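K.L.:
Line order of the protein sequences matches chains A and B. Quick note, the first sequence lines up with residues 1 to 449 if you use UniProt numbering. Quick note, the second sequence lines up with residues 1 to 342 if you use UniProt numbering.
Everything labelled a hint here was simulated from the structure, so no lab data went into it. Be aware that a few hints might be false.
Only pairs whose alpha carbons sit at most 25 Å apart, straight line, appear in this in silico DMTMM-like list of lysine to aspartate or glutamate [what the hints assert, rightly or not]:
| no. | chain 1 | residue 1 | chain 2 | residue 2 |
| --- | --- | --- | --- | --- |
| 1 | A | 290 | B | 170 |
| 2 | B | 149 | A | 420 |
| 3 | B | 149 | A | 72 |
| 4 | B | 149 | A | 117 |
| 5 | A | 409 | B | 65 |
| 6 | A | 339 | B | 60 |
| 7 | A | 330 | B | 60 |
Covered by chain B, per the in silico footprint, the following chain A stretches (three or more residues, Cβ under 8 Å) [what the hints assert, rightly or not]:
| no. | stretch |
| --- | --- |
| 8 | 97–108 |
| 9 | 240–250 |
Keep in mind that this is a model prediction, so the values were computed, not measured. Heads up, the beta-carbon is just placed ideally off N, CA and C, and yes, glycines get one too.
So you can see what is in the structure, the chains are spelled out below.
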Amino acid sequence: MTNSGNFSRRGVLKGGLAGILATGVSPLIFTRGAYAQEFCNAPTGDTVTIGFNMPLTGAYADEGADEQRAYELAVEHLNGGGDGGLIPFFSSKTLKGTGILGKKVVGVTGDDQTKADAARDSARRMIERDGAVMITGGSSSSVAIAVQGLCQEKGVIFMAALTHSNDTTGKDKKRYGFRHFFNAYQSGIALGPVLGEAYGKERVAYHLTADYTWGWTQEESMKNATEALGWKTLEPVRTPVGAGDFSQYLTPVLNSGADVLILNHYGFDMVNSLTQAVQFGMKDKQANGKQFEIVVPLVSDLMAKGAGAAMKGIYGTSNWDWQLPDDASKAFTKSFGAKFGQPPSQAAHTSYVQALLYADACERAGTFYPPEVIKALEGFEFDGMGNGPTSYRAEDHQCFKEVYVVKGKETPSNPFDLLEVVATASKESVTYDPAIFGGELGPDTAVAC
Amino acid sequence: MDAILAQLLNGLDKGGAYALIALGLTLVFGTLGVVNFAHGALFMLGAFCAVSFRYLITLETVTVDPTQTTAWGTALEVRTPLAQTWFGDWGGVLIDWSVPLSILLAIPVMLVIGIVMERGLIKHFYKRPHAEQILVTFGLAIVLQEIVKAIFGPNPISQAMPTALRGAADVGALIGLAPGALTYPLWRLVYFLFSAGVIAAVFGFLRFTTFGMVVRAGMADRETVGLLGINIDRRFTIMFGLAAVVAGLAGVMYTPLLPPNYHQGMDFLVLSFVVVVVGGMGSLPGAVAAGFLLGILQSFASMNQIKSLLPGIDQIIIYLTAVVILLVRPRGLFGRRGMMEN
Numbered sequence: 001m002t003n004s005g006n007f008s009r010r011g012v013l014k015g016g017l018a019g020i021l022a023t024g025v026s027p028l029i030f031t032r033g034a035y036a037q038e039f040c041n042a043p044t045g046d047t048v049t050i051g052f053n054m055p056l057t058g059a060y061a062d063e064g065a066d067e068q069r070a071y072e073l074a075v076e077h078l079n080g081g082g083d084g085g086l087i088p089f090f091s092s093k094t095l096k097g098t099g100i101l102g103k104k105v106v107g108v109t110g111d112d113q114t115k116a117d118a119a120r121d122s123a124r125r126m127i128e129r130d131g132a133v134m135i136t137g138g139s140s141s142s143v144a145i146a147v148q149g150l151c152q153e154k155g156v157i158f159m160a161a162l163t164h165s166n167d168t169t170g171k172d173k174k175r176y177g178f179r180h181f182f183n184a185y186q187s188g189i190a191l192g193p194v195l196g197e198a199y200g201k202e203r204v205a206y207h208l209t210a211d212y213t214w215g216w217t218q219e220e221s222m223k224n225a226t227e228a229l230g231w232k233t234l235e236p237v238r239t240p241v242g243a244g245d246f247s248q249y250l251t252p253v254l255n256s257g258a259d260v261l262i263l264n265h266y267g268f269d270m271v272n273s274l275t276q277a278v279q280f281g282m283k284d285k286q287a288n289g290k291q292f293e294i295v296v297p298l299v300s301d302l303m304a305k306g307a308g309a310a311m312k313g314i315y316g317t318s319n320w321d322w323q324l325p326d327d328a329s330k331a332f333t334k335s336f337g338a339k340f341g342q343p344p345s346q347a348a349h350t351s352y353v354q355a356l357l358y359a360d361a362c363e364r365a366g367t368f369y370p371p372e373v374i375k376a377l378e379g380f381e382f383d384g385m386g387n388g389p390t391s392y393r394a395e396d397h398q399c400f401k402e403v404y405v406v407k408g409k410e411t412p413s414n415p416f417d418l419l420e421v422v423a424t425a426s427k428e429s430v431t432y433d434p435a436i437f438g439g440e441l442g443p444d445t446a447v448a449c
Numbered sequence: 001m002d003a004i005l006a007q008l009l010n011g012l013d014k015g016g017a018y019a020l021i022a023l024g025l026t027l028v029f030g031t032l033g034v035v036n037f038a039h040g041a042l043f044m045l046g047a048f049c050a051v052s053f054r055y056l057i058t059l060e061t062v063t064v065d066p067t068q069t070t071a072w073g074t075a076l077e078v079r080t081p082l083a084q085t086w087f088g089d090w091g092g093v094l095i096d097w098s099v100p101l102s103i104l105l106a107i108p109v110m111l112v113i114g115i116v117m118e119r120g121l122i123k124h125f126y127k128r129p130h131a132e133q134i135l136v137t138f139g140l141a142i143v144l145q146e147i148v149k150a151i152f153g154p155n156p157i158s159q160a161m162p163t164a165l166r167g168a169a170d171v172g173a174l175i176g177l178a179p180g181a182l183t184y185p186l187w188r189l190v191y192f193l194f195s196a197g198v199i200a201a202v203f204g205f206l207r208f209t210t211f212g213m214v215v216r217a218g219m220a221d222r223e224t225v226g227l228l229g230i231n232i233d234r235r236f237t238i239m240f241g242l243a244a245v246v247a248g249l250a251g252v253m254y255t256p257l258l259p260p261n262y263h264q265g266m267d268f269l270v271l272s273f274v275v276v277v278v279g280g281m282g283s284l285p286g287a288v289a290a291g292f293l294l295g296i297l298q299s300f301a302s303m304n305q306i307k308s309l310l311p312g313i314d315q316i317i318i319y320l321t322a323v324v325i326l327l328v329r330p331r332g333l334f335g336r337r338g339m340m341e342n
């Protein structure tokens, strides 16, 4: 008699199951269930929590307030409320107004105070205390770089909002960080030809630059773009963020020999420096036999509103503008305006779009498991978000799309009619080799909290 | 040469603000012997007097114009300030000049705030150590700024300067330079003249009035003045109110240069203490001289030629000066012998 007693039915079943799992041919349902145990803040109930981390105080607080409005709208639309905003126009058709993967979206909010350390603390609280599965928002590149560094450590995806430094998706890029907003290099590419056309090839530029990563890269990008036209650049002057009174930095401009002032400032800093430059008579001044000009390479409606008449005739670039004529932009403006009584800023637009892109990536991946969501976002091509055909480049997580050159409107027809789009740089013209800014994305390894 | 003159003007304009704040701080220290860390908050409250005045004067009626629609499809709201409805063109002028006019509101409001602050809280700390005075006034500053934050929000609120005072004046042409060689913003020149006027008024008040004479006598020897039957405490309370008014006026007129926010007082507080230390604790001429001196030094330190030799000097020049003064002459430029030296 053979020793058949060693092969009991239970033993065979156990051994067979172990073999199937060990050889990696287990049904997908098993691994999907396993994700819930393997990554930080895997949603377990019927809701999914997103962390909105933006400046509600500090030099960029206006942008933060508008981002907050945009996220409120995005949550409403993702959960099936309102008119759906951009969802009907989005080329990917996964979003149905049923939350994300059937879970209702809820948001938690933090004030990053426009400070890198406060932003990291706020993001950490939302991850560790509130269970946020994704962090989004912000209006400063030093903040974005700090937060995406934390998110990489924590294995939590970061969908950056308003960050314009080349470093965010350059030397400081991270696998867990994604940027829909354009960058300083693209501003230079878009703005250079327009400045050459408007102000000629023989100009002397004086830069006042916010003294942190964004200011430095914008200064460098603008310097490269304008020197390619034939302009000369004087020794740039760095100013502290939140300086308030820029008069001591503006006074030397008057007798410097420059005939163009380039203000690499943003938010309240830009409002203050531009207003004060105009008070110094720089818009009416003649230098080197030419009309003195002021350029603000990165500009928004919020800043134009703050600067008032000082903004008239000033050139800059924008990621998006509420007066763009495409149907998606019109629909988003209508949706936002009806709810908040004012048009959305570019900060609101990029925040809203980032929230939708994350939701869509989860739907396409079929999971919240970050490595799969990252794969869904990398190389993703889409349209219908107001910037024309857009792609999320896999190599650096930078979005490529049209960039708009805007100008402060001379005769506004209403209190919100502050900027006009005067030129559009195509997606192809602002696309560059990711190698020029270096950096390493790092691993996509999921991390348990 | 033009560049140096421009920086000098900038230094005088900055120094005017520093001197005004430091003057009030020194008045309080010289009369009451109190180190008032809430003095920056008084500057901020003055600025918010201008904001409040503008809110009041620009209260508006809202009507809906059904013939016009917004980009999001709702009827356009037309807002008309009540001042314009009531006073026609003069209403527009009142709104345009709201910042200088708000001085009329700021003087009584700041006087009352100063007197209430002194009688309600600070008088209880006269005989307590300086460390306790600093703690209580610092706490008061935080309470005041949180109240302002709760009412007006955390963000700066822009205040427009009068249309007639916008733009730049050709200062160079006045002193014989080529036209356009030296221009400077009109409002900043106004601010400098205003601060010089307020400083002169305070010195005149102390110098040429009986009240001022008694106060000066009290500053020199409080006990003896008290023994002569003069209620010196009441006069010192009024001086505290006067110091609050001076700080408040500095804040009002500064609003077109820098949109006020609730935290503004703290930004100026450290700076004004440095000014007082450099000028000499308790010395009124010292506060004024140090205010202008530090303003001018800061302005020159921001010149490219200086910054290329000493990068970052513009950020530390004021504190560097204070360190040197404390090491070499601890009583400050105009301080009394023995003050902070033992």
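K.L.:
Each hint: holds or not?
P.N.:
Cross-check of the supplied hints:
no.: 1; hint: 290/A / 170/B; verdict: holds, 19 Å
no.: 2; hint: 149/B / 420/A; verdict: violated, 35 Å
no.: 3; hint: 149/B / 72/A; verdict: holds, 24 Å
no.: 4; hint: 149/B / 117/A; verdict: holds, 22 Å
no.: 5; hint: 409/A / 65/B; verdict: holds, 24 Å
no.: 6; hint: 339/A / 60/B; verdict: holds, 23 Å
no.: 7; hint: 330/A / 60/B; verdict: violated, 30 Å
no.: 8; hint: 97–108; verdict: violated (count 0)
no.: 9; hint: 240–250; verdict: holds (count 6)
Checked against the numbered hints above, the structure breaks hints 2, 7 and 8 and satisfies the rest.
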